[in-house]
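Given chain A, put chain B in place with the hints provided.
Order-wise, the sequence lines are chains A and B. Going by the working numbering, the first sequence opens with residue 1, and the numbers climb by one from there. Going by the working numbering, the second sequence opens with residue 1, and the numbers climb by one from there.
Misleading hints may appear alongside valid ones.
Claimed, not checked - Straight-line alpha carbon distances no greater than 25 Å define the calculated PhoX-like cross-link-like pairs of lysine-lysine that follow: (1) Lys442(A) - Lys358(B); (2) Lys288(A) - Lys121(A); (3) Lys358(B) - Lys379(A); (4) Lys57(B) - Lys71(B).
What the hints assert, rightly or not - Counterexamples of contact, computed for chain B against chain A with all Cβ distances above 12 Å: (5) Leu27; (6) Ala54; (7) Ala66; (8) Asp100; (9) Val124; (10) Val198; (11) Pro260; (12) Gly332; (13) Gln342.
Hints were generated in silico from the structure; no laboratory data involved. All C-beta atoms in this analysis are idealised placements derived from N, C-alpha and C, irrespective of residue type, glycine included.
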Amino acid sequence: MLIETGALAQELPALAGRSAQELCDLLAGLGFPVDGVETVAGAQVLEVDITANRGDAQSHRGMARDLAAKLGAPLAPLGLEPVPAGAPGLPIHLEAGAAGPYYATAILDLGAAQGTPGPVKAFLAALGAGAKDLPAVDASNELLHRYGHPTHAFDADRIQGFLAVRWAREGEKLVTLDGVERQLTPKDLLIADASGPVALAGVMGGDGTKVSAATRRVLLESAYFDPRTVRAMAHRHGLHTDASHRFGRGADPAMAPVARDLLALRLRDWAGAKLVSAWAVGELPMAKAAIGLPWSLVDRIAGQAIAPAEASRILEGLGCVLAPLDGGVQVQPPSWRHDLSLAEDLAEEVLRLLGYDLIPGSLPPLDSDPQPLADDYLKRRRLASRLAHMGFFQTVTLGFGDPVEREDGHDLGDHPHHRTLGNPLGEDYSLMRGTLLRDLDKVARLNLEKGAREVRFFEIAPVFEAHPGQPLRETWTLALVWGGEQGGEDPLTPPRSLAGAEGRSHLQGVLQALGIPPATFENFNRWELTGVEGGSKVRLGWHFEIPLERIPDAGARIIPKFAPFSRFPAVARDLSLLVGLDQAYAPLQAAMAAALAGAPLQDLRCVDVFRHKSLPPGRQAWLMRMRFQALDRTLTGEEVETWVQAALAAAQSQGAQLRG
Amino acid sequence: METSLLPADIEQARQAFPEALAACRDLDALLRLKGAYVGREGSLAARLMDLLKAAPKEQKRELGAAANALKNEWEEGLKARTAELEAERARTAALAGAWDPALPSPQPATGALHPLNRLMDRLVDVFRPLGYHVEEGPEAETEEHNFDGLNIPEDHPARGSADTFYFRDANGLLLRTHTSPVQVRVLKRIGARGPDGVSELERAGGIRFLAPGRVYRKDEIDPTHSPMFHQVEGMLVGKGIGMHHLKGTLAYAMKALFGPQADVRFRPSYFPFVEPGAEMDVRCPLCGGSGCRVCKGSGWVELLGSGLIHPNVLAYAGIDPSVWSGFAFGMGVERTAMMVSQTPDLRLFFENDQRFLKTMGGLD
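Just chain A, same shape as in the assembly:
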């Protein structure tokens, strides 16, 4: 809210001469940080951040009250001359119980039209609330900013018969001051006359009864309305007004009669208005029960012994009425402090006024057993670190998807409408993702478009899975993408495209290094990172995703079980095999390995693929390397030769030939 420092000092004269910086520090120390300092038409205006619990602080007087308590300085007197109560000028019916329990009013004849005083106009201008030069309107507005109590002025001659504070009836309508016709519901609290609604209680007046330059008689309203009711109305009608903010956060009921008097006096002084009658109906809400505050609680919360006399002085300074209590004090909070309802609230007040600066800082003793970090959490961190070291960049994407996930080749076999938001930011953001790959692909494509040669990304995040009748599932998932072109940036690393069929092998190598068993990824069927080039779909690289629970956690055991290794020499033998271009590797490798079941085979793999026009048509050459090593002896040339021949025979049974 905006605070004009001159008006603030009028409420608390002790502030006169203090710099804006001093004021900002004082206010922040009280829990009201200043978000900005501006000079508007010669006036200094602070933009003060007021927390939702402090409805009472939403005025210059309210802010001054806290500062007065902090500084121990007196507030300026209100300058109030009580307006004598008279006979009711028209019937007022309170029909909504606790939602509108009290209504103070007055009818005044406006004299010869006089304008709003210059200083008041300047005050309103500084707060960005332009004066209308209608004294009844401007005075009400000024009172709201200065004292925090919303009031309203009706054109009394437009009120028909009576006034009622009542709930709206189905189908009723009201054109509010902003010219908008509002459809009312039975949850709307109204001010109505014999003809129907004339105001949304505590939110905004009606257009038909507003004060204009032609108004000769005004009817003032200074009431108390239930905060919840006003908040709900403001929310329902999207009508967040100065009045609804103050009633909605809890106005000071005791101010209702006072504000009526202040408003009447201003009209007398500014416009020569003559009081016809002033009266009030209903009862102000009962004060809340007093709160017992044990001094031990204050000491515990403050982390130090606070002298009861000091704490009492602070509470009284805030307007509380104290009564003695064994080991503490009985506290009756003032009528404007709706937020004080627990002993903890009062302890906070003591601490707040003492200043949080004075709280000593100390670490709490470790009096409970610390728990280890969960394996799942550690696994994610290790995995992320591992991938980053392998050259992958971790991404964070928002996680909202569009409903074409399934058509996009990501049919995840669940019921996506059960993971769809009812109030999304837009259709493109309506589906909580069931896969990370769509977001990761977007990142990869965007980077390639921006000129990245190679893209390597991973994301670790939960994905959603929905089945009717089952709780929504969230599964921590890893997704990886690798595409573009690698190498070619130095004389020793030749360029190679990752978009080719062999690019998938590069990605699989990473999966294997992470300990993901090949059986897990053999069943995966969404491998391709695609993009559009020249209007047609092209492959840019490869991607993969897997739930984290299916990745073994290599780091879980700090020191694994010892596995013996041989101290005798290893023997390597190569077989160059001619095989068909369509030869499947796995069965050939398996057949050769099976033939070596009795041999101390350490490793058997293809280490080179050779394709050249010099080879017979339809054939390629695979260089198969076998490594033998026994745990207990040095191998002889003869036995190795026997094994190699056995492996060759097995390969030949699969259609391979020895390359001459």
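The following block gives chain B in isolation, referenced to the frame of chain A:
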């Protein structure tokens, strides 16, 4: 003249010799030249010997001397050139294995952790020595955990569909708007009494944990807002916990995070789930406190919200607030990351441009 004794072609070859010698770029060429001039058979020197044998006796002496001189001249020339070429070959052989280390080196692939994850990891590491572990909860939450258990009033605007994302038909589930529902889950778990009538909290004597994670609010994407962002929540429950413990803990953490020179202030604030409430501000990193756009002229930037756990929150979870007390705090990860790095636009964290991740991320 002596030379007049020699035939014209030999005389010509003699004159051409120095040039032919220099033209030999390798030892093979030199060998061929050697064969042509001084070889045993068919060479110029052999022909000279034949001429000498056939020469009349009176010429033999003179011709012999000339032939010898010529042969010596050639042999010495060849020898010197051989030495030159051999030296050159040795030098080339030595260079063949050489490599100028100034040529571009192949770079091992280096990736990076996302800066937001790094900051969250760092926070966990900072709190680890104080005995905090990590607790987590789902992103799709119940209203009970997200609001009710946190003393947030029924009609609080944050519960509205303008602020909070609700699932269309998933039994009132919403996307959590903060990491605080993890508090409610943990408090309910440790407050529940087992068959022996003792709760986990009573058995352990307290708990302290962090809850990092993704949270969602219905904000349009702009330079300072995103519908998804991250928070790190912290909570401690024990006996006799006061604001001094909260302040001491946060002061320790901020110094560990931002360095010993970090200038922070602790001031009153309000959140429904704490009482008293407090916020910690840090001296504006951009202007150093003199006032600028980032701190809106105030010299301070809000860092985190905190407070002592509201008695209603403890009571909701079945924990007696007259016995147990504690504190909680929550920090916006993006906000902190932006402030520390002076990143001008929040969206950069979610665009994942490799150039951004390369400079902003890092390895652990």
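We went through each hint and held it up to the structure:
In summary, the hint linking lysine 442(A) to lysine 358(B) is supported, as the alpha carbons are separated by about 18 Å, within the 25 Å threshold. Under the criterion of a C-alpha separation no larger than 25 Å, the hint pairing lysine 288(A) with lysine 121(A) is inconsistent with the structure, at around 38 Å. About 23 Å separates the Cα atoms of lysine 358(B) and lysine 379(A), which keeps this hinted pair within 25 Å; it holds. With a C-alpha separation of about 21 Å, the suggested pairing of lysine 57(B) with lysine 71(B) holds against the 25 Å cut-off.
Every Cβ of chain A is farther than 12 Å from the Cβ of leucine 27(B); the closest lies at roughly 31 Å, confirming the non-interface assignment. In this structure alanine 54(B) is separated from chain A by more than 12 Å, as the shortest Cβ-Cβ distance comes to about 60 Å. The Cβ of alanine 66(B) lies farther than 12 Å from every Cβ of chain A, with a closest approach of about 58 Å, so its non-interface assignment holds. Distance check on aspartate 100(B): its Cβ comes as close as 10 Å (rounded) to a Cβ of chain A, failing to clear the 12 Å threshold; non-interface status is violated.
Here valine 124(B) does not stay apart from chain A, with its beta-carbon only about 8 Å from theirs, under the 12 Å limit. Even its closest Cβ contact with chain A, about 14 Å, leaves valine 198(B) beyond 12 Å, as expected for a residue assigned away from the interface. Look at proline 260(B): its CB is around 14 Å from the nearest CB on chain A, clear of 12 Å, so calling it non-interface holds up. Look at glycine 332(B): its CB is around 14 Å from the nearest CB on chain A, clear of 12 Å, so calling it non-interface holds up.
At roughly 19 Å, the least C-beta separation between glutamine 342(B) and chain A is larger than 12 Å, which holds for a residue marked as non-interface.
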